[in-house]
Amino acid sequence: AQSVTQLDSQVPVFEEAPVELRCNYSSSVSVYLFWYVQYPNQGLQLLLKYLSGSTLVESINGFEAEFNKSQTSFHLRKPSVHISDTAEYFCAVSDTSGGYQKVTFGIGTKLQVIP
Amino acid sequence: EAGVAQSPRYKIIEKRQSVAFWCNPISGHATLYWYQQILGQGPKLLIQFQNNGVVDDSQLPKDRFSAERLKGVDSTLKIQPAKLEDSAVYLCASSRDRYSGNTIYFGEGSWLTVV
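The listed protein sequences correspond, in order, to chains R and D.
Read in the numbering used here, the first sequence has 38 at position 38, and its numbers run on one by one without any break.
Take the position in the second sequence, starting the count at 1, then add 1000; the result is the number in the numbering used here.
Chain R on its own, in the form it takes in the complex:
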């Protein structure tokens, strides 16, 4: 069985300040890791993912996340947030047990960027 823990349900941050959204996972097998974002009144969309290779992955809009196997973490960071980053962010884990992708989502972290 696999699980995802997002430690913060809400994170308020001032515009242009840095932010870190925390994510820890638990799994008995190798995993792939994802961050999905849900903007107001929209569906979830992929922000970035770690499959293999470099443990640091980046998105096109300045977010990055680092896979840390020893700490079973995949925290999401951005050095300077914008108002448009206000959204809910979901961490997710996927393994290959059973021969198909089984994705487990965290409960989400609401990022509120304050002008």
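One should not assume that every hint holds.
Said to hold, decoys possible - Using 16 Å as the maximum straight-line C-alpha spacing, the simulated EDC-like pairs for lysine to aspartate or glutamate come out as follows:
1. R/K102 / D/D1056
2. D/K1083 / D/E1014
3. R/K102 / D/D1097
4. D/K1078 / D/E1068
5. R/K102 / D/D1057
What the hints assert, rightly or not - Sample of chain R residues lacking proximity to chain D, with all beta carbon distances greater than 10 Å (derived):
6. V4
7. S9
8. E16
Just so you know, the hints here were simulated from the structure itself, not pulled from any lab data.
All C-beta atoms, glycine included, are put in the ideal place defined by N, C-alpha and C.
Fit chain D to the known structure of chain R by using the hints.
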């Protein structure tokens, strides 16, 4: 490329009534998912199809929920009879195939309120 289409977007029904949600995945995507997202929680997988076959329905309350994906394209999720605790957003999603690491593409969701 058209995204995942869902309808209706909003539905209000009384308990013990029935409701059906429709989903059309991205063209060519073999894997289709139905997730339930209760307010304040992350998406929970209800059922996953590979083409027109079910690969995981372990969390589907089969006494009241049913889903089908005829011809391996669009899908319908039905709830009958509905309970108050079924109030949630029902998310349809699709991916190119069933293998781990695939990006999952979500629709905007169908909001259900049971009164």
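- Item | Numbered hints the structure breaks, given as an ascending list | Violated: hints 6 and 7.
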